[in-house]
Amino acid sequence: MHSVVGFAVFGVDWEFLKPYIVLGLALGGVYALSGVGIVVLYQATGVLNLAFGAIGACGALIAYWMINHTSWPHWLAYVTCVAFGGVVNLAYGLLFGPAFAARDPLVKMMGTLGLALILLGIMAWRAPVGGAFARFLPLPSSSHTFTLFGAFVNWTQVIALAFALVLTAVTTAFLRYTNLGTAYRAIANDREITATLGVPVRRVEASAWFGSGLVAGAAGLLLPDLITSLDYAALTFLVIAALAAALIGRLQSLWVTFAGGLAVGLAQALFAPYASLARYRSAAPFVLAILALLWLSRHRVVTITRTAR
Amino acid sequence: MIEVEGLTVRFSGVTPIDRMSVTFPGGTCGLIGPNGAGKTTFFNVLSGFVRPAAGSIRAFGEDLLGMADYKRARWGLRRTFQTEQAIEQLSVFDNVAMIYEHSGVKGAGKRAEVQAAIQFVGMETPSAAKVGGLGARERRLVEIARAVVGRPRVVLLDEPAAGLPEEETEHLRRVIQTIHDQFGALVVLVDHDMSLVRACCETTAVLDFGRLIASGPTAEVLLDENVIRAYLGTEDIA
Amino acid sequence: MAASRTPGQGAAAAARATFSLDRGSIVRGLAIAVFLAIAIFFLPTIGADWTTTFTSVAIYSVITLGLGLLYGRVGLISLGQVALLVIGVWTSTRLSFATDLPFPVLLLVTGAITCGVGVLIGLPAIRLSGLYLALITLMAAGAVNVVLVAINFPNGGGGFTGRTDTPDLSGLKPVARPSIAEGDTAYYRYVVVVAAVMFLVALLHVRGKPGRAWAAIRESEPAALAAGVNIVLYKLWAFALASFMAGVAGCLLAAQVGQPTAQSFQTQDSLTLLATTLIGGIFSLWGAVVAGCFSQLLPFLFQVQWGINPNFVLILFGAGLLQVLLTAPGGLAQQFPKDMANLGRLVWRGVGKVTGGGSGS
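Chains as they are written, first to last, in the numbering used here: chain A, 1 to 309; chain B, 310 to 547; chain C, 548 to 908.
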């Protein structure tokens, strides 16, 4: 009955597409929450953290090691993954944040590329990928499924999407209604002046680094389960999809970032069933990011100051 | 001659230039007014950095606003900036040569013309020295050398004397006074140093709040009541 | 005011202006000649796998040169140079299978096509600056990477992609090296010569009119504009030059490897290129050579000569990148001579003290 109705709508075979829509929404959830993590950090510190994915990948590998090579409880591994994200991000922010504070956003971003290289090097060194050997990081929630509108949904997918939704809502409220949130927005506006107003800028920035890092860790934990593979290279490039979402949100609006993340996830998943396009589906985040960038910069402004170096 | 007709500039809720109409007749012309009067914005419109909401500017009979920004230099527009924009990486010679190269002047006289401009402003350091290592006075002179090389038709000087001590201003005065005679260009001088303006400019226009409030022979303009009031304010007893 | 000159005198004057014959230039010229002599005559004698590595060093220094010019001279960052390199490799492979072009022509054609692609990408992006330009080039590179993995490299098949699932292995000819340089050593020398030509092209640009315009654009766009520089044109010119060099490097790489596969290019190559370019030094053309050594020689040394895991080198690059960004913007090419000069001064002073020179103590 459902499929007959479904087919009648837009001539699309919804029945066929349902599992891809589910996957797309779940992936989109991870992209969306990563996007929010990136945007908030950018707002508070001016740093566009391209090491976001690498941090999550590192955390995931650590969780993998804990689960498969120690007898510690699994929940500890999950917590470690998330906490690792927060700690590494915070460490980078404390060590290098002040040094980069006066530089322009491009240089700040390049610093995070240095961090990404270091993490990639560590991961390639300690956890080499080779031949038929593949790693997996399944979460207990994915073994529980239920049916929704005739599609199979597992709880990890629900968590991914729900977490993204909750994070966006809570962060938006946080930024608008709390003192710390106002401090974030003040710093985003002008760091120097905010400092002279007595706001503890470094502490506020540290909280942003830590919070954003936690989100990176969470993304690193959820993604391997959703794509059923722990491939640190793929995880590192999660940052591209997150970036696409963040750019769609103009590096400002969290809800638009959320929507952007979902769009990127859906675009990527929905190409999969179409054989001729499937191989190109990983290009979806890149293409969307390019379009977002071109749209963002459509007004050209000539500023009459010396370029800060 | 530069004819400005009904020029209006608006951005972000401010109107820095408001229906400004003025004629710069030729020779060396002054443009003065209190801070925020719109003088630098006017220069920015001439340079092409700012697009006006309305109005027209005709320089020597040609429509300046219709020209693409980088083409105006080729036409003969030159300017100095309040914060010197000489390229620190390059030598004095290269800085001036660059203007010459893009000025559309054909022929093989580059070295000679660049040297002539550098000599004209009376620089003492060798032309191969990097601008990054020069002091404020020398940088000002490099700015002016860049403004007079390569057949200039209009030279805009934006507060060339700002921050300079007495003796330097003397030297600057002599240089500015000679620009029109030597190069035939129309000079528009913006500065707060009234003695400099009085010494160099035959005519002066005065802006306040983006509008022209006086123009004519410099001596008369400087005695005009409206001008004095614009600078000093009125005595308003509440 | 301007003395009348004959065209010959004018050209001579222009040449003299570009290559002023003062003592500094003569010393530099000598240094370059000595370096090239060592590279061409001495280096290939060390060993066969050293020669292959040195060939890679030369090839990567060409692509680094392009990026260094873009960032060091114009202030534009492109994170997509590796993608252009890959396009160069693909193009030359495809052309090599489809036509019988002599190698120098293949080099130029590949360079031109890659240049065209680079300019196409650059055109919409040129209004962007700084962060957004870096991001858009990163995205474009990623998209190219996806397409490459999808269509893989040509292997003798027909059609646009030149790939067939059933390659005729008997008649398979890999990308052909120039007939005068088929062996590894001969090909290495050929590559060094091509690289030297690229460096010369870069030098001519930097010392001439484009170099001055680029310096102006990098420091202050309004000043450049007011000076009459057509900013869009000069930015695109820099992009075109960097893309051309990437294309040439790609062709050289294709002939070195013979039969390129998609696995030869890793996703982090864009990052390592950026890191090594900055570490090498973007303000000096020598920096590109240093960067080539870093990115190709160091992993070789680690893995083959010293038995250290080559992935460790990524950590080095990351740390090096951070250090360059924070403390030594000119990279090694700028720091090393300074450090040597400082060391020299210290030594000189030390010698002076020991020999008791100057006024009596």
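Hints are computed from structural coordinates only; laboratory data are not their basis.
Treat the numbers as computed from the prediction; the structure is a model and nothing was measured.
Check each hint, because a few of them may be wrong.
What the hints assert, rightly or not - Derived lysine to aspartate or glutamate pairs resembling DMTMM-like cross-links, with alpha carbons at most 20 Å apart:
#, chain 1, residue 1, chain 2, residue 2
1, C, LYS756, B, GLU397
2, B, LYS439, B, GLU479
3, B, LYS439, C, ASP569
4, B, LYS439, B, ASP378
Comparing the hints with the structure gives:
1. Proposed proximity of LYS756 (chain C) and GLU397 (chain B) is supported: the alpha carbons are some 16 Å apart, at most 20 Å.
2. Proximity of LYS439 (chain B) to GLU479 (chain B) is assessed by CA-CA distance (about 25 Å); at most 20 Å being required, the pair is judged violated.
3. Under the criterion of a C-alpha separation no larger than 20 Å, the hint pairing LYS439 (chain B) with ASP569 (chain C) is consistent with the structure, at around 17 Å.
4. Taking the CA atoms of LYS439 (chain B) and ASP378 (chain B), the gap is about 28 Å. The hint is violated against a cut of 20 Å.
Hints 2, 4, counting from the list given before, are not met by this structure.
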